[in-house]
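Visitor: Go by the hints and put chains B, C and D onto chain A.
Number of protein chains: 4
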Amino acid sequence: MLIVMESRATKEMVKRVCDEIEAAGLKAHPIPGSIRTAIGVTGNKEQVDADRILAQEGVKDIIHVTKPFKLVSREFYPDNTVVDVSGVLVGGRELVAMAGPCAVESREQCLIIAEHVARAGAKLFRGGAYKPRTSPYSFQGLGEEGLKILAEVREKYGLRIVTEAIDTEILDVVSEYADLIQIGARNMQNFSLLKKAGRQPKPVLLKRGMSATLEEFLMAAEYIMNEGNRNIILCERGVRTFADHTRNTLDLSAIPFVKRTSHLPIIVDPSHGTGKRHKILPLSRAAIAAGADGLLIEVHHDPANALSDGPQSITPDMFDDLVGEVRAIGSVLGRTVNEENT
Amino acid sequence: MLIVMESRATKEMVKRVCDEIEAAGLKAHPIPGSIRTAIGVTGNKEQVDADRILAQEGVKDIIHVTKPFKLVSREFYPDNTVVDVSGVLVGGRELVAMAGPCAVESREQCLIIAEHVARAGAKLFRGGAYKPRTSPYSFQGLGEEGLKILAEVREKYGLRIVTEAIDTEILDVVSEYADLIQIGARNMQNFSLLKKAGRQPKPVLLKRGMSATLEEFLMAAEYIMNEGNRNIILCERGVRTFADHTRNTLDLSAIPFVKRTSHLPIIVDPSHGTGKRHKILPLSRAAIAAGADGLLIEVHHDPANALSDGPQSITPDMFDDLVGEVRAIGSVLGRTVNEENT
Amino acid sequence: MLIVMESRATKEMVKRVCDEIEAAGLKAHPIPGSIRTAIGVTGNKEQVDADRILAQEGVKDIIHVTKPFKLVSREFYPDNTVVDVSGVLVGGRELVAMAGPCAVESREQCLIIAEHVARAGAKLFRGGAYKPRTSPYSFQGLGEEGLKILAEVREKYGLRIVTEAIDTEILDVVSEYADLIQIGARNMQNFSLLKKAGRQPKPVLLKRGMSATLEEFLMAAEYIMNEGNRNIILCERGVRTFADHTRNTLDLSAIPFVKRTSHLPIIVDPSHGTGKRHKILPLSRAAIAAGADGLLIEVHHDPANALSDGPQSITPDMFDDLVGEVRAIGSVLGRTVNEENT
Amino acid sequence: MLIVMESRATKEMVKRVCDEIEAAGLKAHPIPGSIRTAIGVTGNKEQVDADRILAQEGVKDIIHVTKPFKLVSREFYPDNTVVDVSGVLVGGRELVAMAGPCAVESREQCLIIAEHVARAGAKLFRGGAYKPRTSPYSFQGLGEEGLKILAEVREKYGLRIVTEAIDTEILDVVSEYADLIQIGARNMQNFSLLKKAGRQPKPVLLKRGMSATLEEFLMAAEYIMNEGNRNIILCERGVRTFADHTRNTLDLSAIPFVKRTSHLPIIVDPSHGTGKRHKILPLSRAAIAAGADGLLIEVHHDPANALSDGPQSITPDMFDDLVGEVRAIGSVLGRTVNEENT
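Sequence order for the protein chains is A, B, C and D.
Position 273, counted from 1, in the first sequence is what this note's numbering calls 275; the numbers after and before it change by one each time, with no gaps.
Position 201, counted from 1, in the second sequence is what this note's numbering calls 203; the numbers after and before it change by one each time, with no gaps.
Position 126, counted from 1, in the third sequence is what this note's numbering calls 128; the numbers after and before it change by one each time, with no gaps.
Position 83, counted from 1, in the fourth sequence is what this note's numbering calls 85; the numbers after and before it change by one each time, with no gaps.
Just chain A, with the same shape it has in the complex:
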C-alpha cells in the first residue's frame, strides 16, 4: 500500500499517519518527494483499514499494491483447481459443455432437450426452476416441481444438473437436488447467499455481476471459499456497457486475467453474453480459443415457444454444430470434449 500525502501536508501530518501504520503492526516508509511525500507500507499480513487512513488529515490518496483476495489467488494455491461435479471434472484437460433451456417449463420439454444435448456431448444439463425476472409479471419458474424434473433428467441421461439458487431460503432445496449450484449475476454480491453457499457441500457456479470488476468477482468467490467451500467455477456472462448491438458485452479478456490471477476454473455463457442466437456459435469458438474451461449454453427444441430467453436459445441442431466446432478449436489448444464417457 502506498499513501500519497497532499502537497500542503505538514511533517506532523506525515508523522501521524506513520504512527497509525506502525500501531497496526506494519512498517511505514516515508518517501519525501519534490512536490509531496508518499508513504510506502509493507508487511501487510494484517490488513490496515485504507478508509481509516484516507480519512486522516493531509492524506490525498491511497494506492493498493496488493490485491485484496487471498484464498482465490494463484499465489495462495499455485495449481489449477479442478472442480469435481459428481464425477465430471471442470478445469482440467476436458472442456465441459453445460446445456439446456433457460427455464424448466415441463417434464416433456426437459426430456426432449436433455436427450439431444447428452447425445451431442454435454455433460451437464442446465435449467432454471426458480427464475429471477425483471418483471413481476413474467414467468417465475416451476419451483421444486422443476427440481424434480431435473432429477429425472439426471437419472435418465446421466447428465449432472446445474440450476440456480435465487435466495438463501431456496438454497437448501436446490443444494439437495443439484450437482452444481448456480449463483446468478444479480446475486453476485448477495453476501448472505454467498456465505451460505460456502457452508454447504455442493460445488458452486458463480456468475459475474453485470457491472462487476474482476476484483469484485474474485472477492465474491473469496466469500464462498472463506466459509470452507473451494469448489467454485467462475462464469463470464457479459457486462453492461453503452454498446447496444448485444444484450451484454462479453468480456473474453476476463479469461486470461482469471487464469493468471486465480487457480479457479472459468467458463463462458455466450447466450446471456450476447443475447442473440446468431452470435452464440462465433463467441463459443472465441471463448474456447481464449482459454475457457467450458461453456454454458441455452438450448431449446422450440425457441419460438420458450417461456423465457427464446431469442438467445439455439436449437439442438445448432448445438451439434457448436460442439463440433468447439472440439476442433479445443484440439488446437490440446483440450478435448467428451473424449470418453465418465
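Any given hint could turn out to be false.
Unchecked claim - Computed list of lysine to aspartate or glutamate pairs in DMTMM-like fashion (alpha-carbon distance at most 20 Å, straight line):
hint: 1; chain 1: D; residue 1: Lys62; chain 2: B; residue 2: Glu77
hint: 2; chain 1: C; residue 1: Lys197; chain 2: D; residue 2: Glu171
hint: 3; chain 1: D; residue 1: Lys62; chain 2: B; residue 2: Asp86
hint: 4; chain 1: C; residue 1: Lys13; chain 2: C; residue 2: Asp63
hint: 5; chain 1: B; residue 1: Lys261; chain 2: D; residue 2: Asp63
hint: 6; chain 1: A; residue 1: Lys197; chain 2: A; residue 2: Glu229
hint: 7; chain 1: B; residue 1: Lys69; chain 2: D; residue 2: Asp63
hint: 8; chain 1: D; residue 1: Lys158; chain 2: D; residue 2: Glu117
hint: 9; chain 1: D; residue 1: Lys17; chain 2: D; residue 2: Asp53
Said to hold, decoys possible - Listed below are several chain D residues computed to face chain A (Cβ distance under 8 Å; list not exhaustive):
hint: 10; residue: Thr248
hint: 11; residue: Leu254
hint: 12; residue: Ser255
hint: 13; residue: Pro258
Derived from the structure by calculation, the hints contain no laboratory data.
All figures in this text were calculated on a predicted structure; none of them were measured in a lab.
Don't be surprised by glycine CBs; every beta carbon is placed ideally from N, CA and C.
Guide: For chains B, C and D alone, kept in the frame of chain A given last:
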C-alpha cells in the same frame, strides 16, 4: 409494440406472426414497407410475450412502445405519492434530510452523531446494523445489537430510523426496529427480498442498482408495490461508468425522469454517489436544485476512525452548512427544510 | 510514481529498474515487502517514461502518484482564471448564459432567437455554421455564410459569438468571426486542432469527449495551453454510459473536481447533456448549484422545424424561466446573472 | 420508422404529424391503441427528419426500424467486399496479419522488426510516423522521416505499409507513402478526415471509436464510401467500460454483427484492445475464432526501450507463436495464413 420483420421474410411468416398476436387477444396491424414489413400491435392490456414473438421465423426485432411498469407509473396514479415515515412525510413540500454514520459502530458514536444531526434539522437517522461489504474480511456490522442502539437514538432524539435489510431472513428483525427499511444497490434485483418487503408494513427506501436502467429501477419498485406496499421512496446513488474521478457517477437526470414517469418520491445519496467528502456539498445542492425530495448523507463525528466509508463521511459541522445551503436552494423551488417540528 | 515488482522478481531485476530510474536523474526508493518489492520514485521534475519501465522484466505495475498535467493545474496557477470573451468575463462572480440554436439555419432564424435571448440576459450567442453530424446525409451547416449571419447578430444585439471549428482548415475562418471558438466533444482528442487552437488569439470553449476521463479532458486543455493560449473554458456535456433514459449522462461531479484540480472555468451544456427538453431546466439549476460558471443552452423559436436537435431545444419562453431560476439559485451561491450590461 | 404519440395527444396532433409525413413523400399508417396512438411510416426511400417530427406537439418518441446506413450495408452489396491492399487481399479466405511497432522510432528498429514479422508470415507492416498522444509532452512521432523509413521497409521486405493519418493536412503525405491509411479511434468521427479519405485512392483502415456504437462505426465508414472509396477495412480495438483489468474491453461480438450487417471486412487489434502483453495471444486466437479477417499486432524487438506502448507490445518470438496458433485456429474455419507468397 412494433414487430419488425426481416427483409427476406415471406408473406406466410408475416401471417403466422399476426395469427400469434391475434390468438393472444391483441390486434395486429401489418405495415408493408419498401424494404420490409412491420407489424403494429395494439390493445396490449394483456401482455404478449415479446421473447416468444422474437423467436418466430422471419422476425428481426421487437420494439416496445409502452413501458412495462404499471403500478409505479404516473399514468396509474397521477398524483404524487407522499410516504409517511412514522409521521415524517417524504415527497411533499418539505425536503427531508436523512443523516448518520455509514455503520452503527457503538452506542456512544450514534448518540453523539444523532444529537448533532437532529439539532441541525435531520428528520431521519441512518446507520447500518448489517453491512454488505465487498470483502469478507471487512467489518460486517453489529447486527441486532446495532438495531437496539438505533432504537435508543429514536427514543432519545425523535429521529426516525432508516437501516438496511440485507437479506430475507434479516428483513423480519429490521422491519421490527426500523421506521424505513433500506434495500441496498446490490439487492435492487434481489426479487425475493423485494417481494418480502412488499408484504410487510413499513415503508421501503429502494436504492438504484449500480448499473440499473431507470426502467429496471422502476420495475424493482413494481415488485414491491405488486405485493401491496405502496410506500416506496426511490434513491439515486450513482451508477458505474468509465469515469474514475468519483466512486460512482451521480445521475441527477434520474430525478426529472422519475418525477415525470412515476408518482413515487425520489431522494439522492451524494455520499455513495461521489465517494469524496469535498463533493458532498456541491452535489447536495445540485440534487435539491434538480428536484429531489431529500438527501441521504453520511455524517461521522470522527471520520478518521470510522469503521467504514470514512473518506465520504462529512463532519457534523459540514452537515450544518449543508442543511443551510439546502434550505436556501430549496426555498428557490418553494420547498422547506424542517420548517416546524413534527 | 510507484513501481510494483512481481512477487517472483529477483534482486537483480529490482536493481536493474533502480538503475534505470537513477539514470533518468530521479531517485529510487526500494521498499521490500513480505510478498513483493515496491520502488518509490521521487524528484520527477523530469518525466520518466512509465511505459519503458513497465516493459522491464519483473515489473508488474506502475502507479502514478502525481497527475500528468502542469499548466492547467491549480498547483501551477493557484488563482481562478477568468476568461475575457470580448469583454464578457467567464469564471468570475457573474454566471454567463450562452444561448442560441444548434445550427445557424437562416438570417431570420438567428435574429429572432438572438433578440429574445439577449433580452432575457444571455451574453453569448451560440450557433453552428459547420456541423459535425453522425450521418453524411444530414444537414452539414451553412459554412461561411453562417458565420456572416453570426457576425450580424453580434453587431445588432451586442451578443458575443461562440461557434464550432470542426477541423484545422476551418479554424482559420472561424477564428476570424468568432469571439469564442468551440471545440466539440468528438474533437476533444483531435490533437492537431488543439495545437492550432493554442496558436491563435481567440479564447477556446473545449467540450468534454463522450468517454473522456477528467484527466484526459484536462490534458486536452494542456495541449492548448502548451501552445500559449491560456483562455480556455471547459464544458461538461454528458458522457456515454449504459443509461438509456437520456442521450448522455450529465456528470455534474466534474464541476467540483475541475474547480479543485484546475484554475480554468467550467460551464455545463444540459441540452446535449440530456437530449430532452423537459430535463433542461432542472439540470440547469443543478449545474449552477454544483458551482458551474455558466450554461450553454440550445434555444429555438420553432423547435418543430429546427434542422437539428429540435427535441433538445427549448423555446424562448422557457429560456426566460431558465434565466430567472438560474439567477435565484446563483444568488444563493453569491453569484449574479447579467447584473449590469457590459 | 414508428412514431409514438403521447397518451394525451389529440386527434388533431396525430393528424398534423401524419400530414407532415405525407408532405415528405412518405406514407403514414396511424395505429390507434388502447392507451396511445402510434403511427407507422413506410416508403422511406427519401429520409424524413426524425428530430423534426420528434419536436412536434404530442409526439413522445420515434423508433427507427431501418438502420441509417446504406452503402456499407449488406442489403446494398450482398457479397463480401475484398479489399486489395497493393496485392494483398483482405476479407477473402486468407487471414492477414499486420504487425510492427507502435511508433516508427528509427530505421534500424523498423528493419529489425520488419525482417522478423515478414519471415513469420505478416503481410503488412504497421508503424506510426505521426502519433496521437494523450499528453503534449509525449513522443509525437518522426513525421515524414518515419514515412520514408516505412517506404524502405516495403522495398526491402515486400511488406505493405499501414500507417496513421492524424489530420486532413497530413493525409496527403500519408496517402503518398502508405498502402493502407489508418484512421485512428480518436478520429473515427472526425468527419472532415473521413470525407477526405474517401476522395483519395488508397484503402482505409478505420478503427472503432472508444465509445462508438456499431451503428456510429458503420456510419463513419458510410462517410468514406459516400465520397467514392469503397476499400474500407474495419478494425475492432476495444471500447471503454468500467472494467479496469484491461486498457479497453475488446468487443468480439462486433465481428458477427459486422459480418451480418455489412459487406466490409473486419480485423481486430488485441494490442490496444487489451493493453497487456500476456492477453494478446489468447485474444488473437479468440478474434480469429469469432470470424475476424485478420489482426493488427504491436511487435517490438525491445519492448523495454520502446518509445510508446512497450507494455502491450509482444516480442518477435511471441509473434511467431501467435502466427502458428492463428493458423491452426484459422484452419478450423477453413481459412489460411500466408499459404503462398504474394
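Visitor: With reference to the structure, classify each hint as holding or not holding.
Guide: Structure-based check of each hint:
With a CA separation close to 14 Å, the supplied pair Lys62/D and Glu77/B stays within the 20 Å bound. Distance restraint check for Lys197/C and Glu171/D: the Cα-Cα separation of roughly 14 Å lies within the 20 Å cut-off, and the hinted pair is therefore satisfied. Taking the CA atoms of Lys62/D and Asp86/B, the gap is near 33 Å; set against the 20 Å cutoff, the hint is violated. Restraint check for Lys13/C and Asp63/C: satisfied, since their Cα atoms lie roughly 17 Å apart, inside the 20 Å limit.
A threshold of 20 Å between alpha carbons decides the hint, and for Lys261/B with Asp63/D the separation of about 18 Å falls inside it, so the pair holds. Taking the CA atoms of Lys197/A and Glu229/A, the gap is near 6 Å; set against the 20 Å cutoff, the hint holds. Pair hint Lys69/B plus Asp63/D holds up; C-alpha atoms about 12 Å apart against a cutoff of 20 Å. Pair hint Lys158/D plus Glu117/D holds up; C-alpha atoms about 9 Å apart against a cutoff of 20 Å.
Distance hint between Lys17/D and Asp53/D is fulfilled; the C-alpha atoms sit about 18 Å from each other, no more than 20 Å. For Thr248/D, the interface hint holds, since its Cβ comes within 8 Å of a Cβ in chain A; the closest pair sits about 5 Å apart. With a cut of 8 Å, the hint placing Leu254/D at the interface with chain A holds, because the nearest CB-to-CB distance is about 5 Å. Hint on Ser255/D holds. Least Cβ distance to chain A is approximately 5 Å, under the 8 Å limit.
Using the Cβ-Cβ criterion of 8 Å, the hint placing Pro258/D at the interface with chain A is satisfied: the shortest such distance is roughly 5 Å.
Consistency note: the structure conflicts with earlier hint 3 alone.
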